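K.L.:
Respectively, the protein sequence lines represent chains C and G.
Counting from 984, one number per residue, gives the positions in the first sequence under the working numbering.
Counting from 71, one number per residue, gives the positions in the second sequence under the working numbering.
Treat the hints with caution; some may be incorrect.
Pair ranges (Cβ atoms, derived) [what the hints assert, rightly or not]:
{"hint": "1", "chain 1": "C", "residue 1": "Ser995", "chain 2": "G", "residue 2": "Leu138", "range": "40 to 46 Å"}
{"hint": "2", "chain 1": "C", "residue 1": "Ala984", "chain 2": "G", "residue 2": "Leu138", "range": "23 to 29 Å"}
{"hint": "3", "chain 1": "C", "residue 1": "Asn1081", "chain 2": "G", "residue 2": "Ser143", "range": "24 to 30 Å"}
{"hint": "4", "chain 1": "G", "residue 1": "Phe109", "chain 2": "C", "residue 2": "Asp1001", "range": "27 to 33 Å"}
Simulated pairs of lysine-lysine, DSS-like, Cα-Cα distance not exceeding 27 Å [to be verified]:
{"hint": "5", "chain 1": "G", "residue 1": "Lys111", "chain 2": "G", "residue 2": "Lys84"}
{"hint": "6", "chain 1": "G", "residue 1": "Lys134", "chain 2": "C", "residue 2": "Lys999"}
{"hint": "7", "chain 1": "G", "residue 1": "Lys111", "chain 2": "G", "residue 2": "Lys136"}
{"hint": "8", "chain 1": "G", "residue 1": "Lys125", "chain 2": "G", "residue 2": "Lys90"}
{"hint": "9", "chain 1": "G", "residue 1": "Lys111", "chain 2": "G", "residue 2": "Lys134"}
{"hint": "10", "chain 1": "C", "residue 1": "Lys986", "chain 2": "G", "residue 2": "Lys111"}
{"hint": "11", "chain 1": "C", "residue 1": "Lys986", "chain 2": "G", "residue 2": "Lys134"}
{"hint": "12", "chain 1": "G", "residue 1": "Lys90", "chain 2": "G", "residue 2": "Lys134"}
{"hint": "13", "chain 1": "C", "residue 1": "Lys999", "chain 2": "C", "residue 2": "Lys1021"}
{"hint": "14", "chain 1": "C", "residue 1": "Lys1021", "chain 2": "G", "residue 2": "Lys125"}
{"hint": "15", "chain 1": "G", "residue 1": "Lys134", "chain 2": "G", "residue 2": "Lys84"}
{"hint": "16", "chain 1": "G", "residue 1": "Lys136", "chain 2": "G", "residue 2": "Lys84"}
Taking beta-carbon pairs under 7 Å as the criterion, some of the chain G residues facing chain C (in silico) [to be verified]:
{"hint": "17", "residue": "Phe109"}
{"hint": "18", "residue": "Leu114"}
{"hint": "19", "residue": "Leu116"}
{"hint": "20", "residue": "Thr119"}
{"hint": "21", "residue": "Pro179"}
{"hint": "22", "residue": "Gly180"}
{"hint": "23", "residue": "Thr184"}
Hint data in this document are derived by calculation from the structure and do not stem from the laboratory.
Being a predicted model, the structure only gives us computed values, none of them experimental.
Ideal placement from N, C-alpha and C gives every residue a C-beta, glycine not left out.
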Amino acid sequence: AQKVTQAQTEISVVEKEDVTLDCVYETRDTTYYLFWYKQPPSGELVFLIRRNSFDEQNEISGRYSWNFQKSTSSFNFTITASQVVDSAVYFCALSGSNFGNEKLTFGTGTRLTIIP
Amino acid sequence: GAVVSQHPSWVICKSGTSVKIECRSLDFQATTMFWYRQFPKQSLMLMATSNEGSKATYEQGVEKDKFLINHASLTLSTLTVTSAHPEDSSFYICSAREQGYSYEQYFGPGTRLTVT
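The task is simple: from the sequences and hints, build the whole structure.
P.N.:
See the structure below:
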């Protein structure tokens, strides 16, 4: 069975601070995908990143960066110089990579509040 | 980019009535669509996976007779909540997997259902 744990339920930081959202996963699959989604108050999920289990390189996209460590089954997300618009609920998710095993298992989410 | 729409975006219905929610892939063909439910301040829980032209596969604990899913074409899946009760009030989100791609899911904007 797949499982995604986001231990941080809520985080509040002052604007311009850096913040890291933790994600730990469990899977028996040898190949899988990891995702991060942002859910603003409107409710619509915004795709942020997909990472293949074969690719352990860290990724940076503007103020966002992701640290994938297979050895610790973690896929953490860092926002640098946070902004008020970053306030949202962030979900980490996991899926298998084979046809028929592509359903997403979501973590419980981390509610991030950026204080102006 | 791939766009998924949902209709209606919100609906209020009386207890005992049925309500249908549509999920459409607007610019791609979706072999598989997924239906999720999200209660307030909770994570997304997969309800069922629907494949075009075949019966949906429901997750454990989801009543198939209550949540009827039809995936009649490569661009449309519908979720009908039958004999709705106040506890069915939730945010329902669909996603669609593009034909030929095993890992990419595109999410709709969600439908907020309130049963009075």
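K.L.:
Taking the hints in turn, state whether each one holds.
P.N.:
Checked hints:
no. : hint                               : in the structure
1   : C:Ser995 <-> G:Leu138: 40 to 46 Å  : 42 Å, holds
2   : C:Ala984 <-> G:Leu138: 23 to 29 Å  : 27 Å, holds
3   : C:Asn1081 <-> G:Ser143: 24 to 30 Å : 25 Å, holds
4   : G:Phe109 <-> C:Asp1001: 27 to 33 Å : 31 Å, holds
5   : G:Lys111 <-> G:Lys84               : 24 Å, holds
6   : G:Lys134 <-> C:Lys999              : 48 Å, violated
7   : G:Lys111 <-> G:Lys136              : 24 Å, holds
8   : G:Lys125 <-> G:Lys90               : 17 Å, holds
9   : G:Lys111 <-> G:Lys134              : 25 Å, holds
10  : C:Lys986 <-> G:Lys111              : 19 Å, holds
11  : C:Lys986 <-> G:Lys134              : 24 Å, holds
12  : G:Lys90 <-> G:Lys134               : 14 Å, holds
13  : C:Lys999 <-> C:Lys1021             : 19 Å, holds
14  : C:Lys1021 <-> G:Lys125             : 31 Å, violated
15  : G:Lys134 <-> G:Lys84               : 21 Å, holds
16  : G:Lys136 <-> G:Lys84               : 15 Å, holds
17  : Phe109                             : 12 Å, violated
18  : Leu114                             : 5 Å, holds
19  : Leu116                             : 6 Å, holds
20  : Thr119                             : 6 Å, holds
21  : Pro179                             : 4 Å, holds
22  : Gly180                             : 5 Å, holds
23  : Thr184                             : 14 Å, violated
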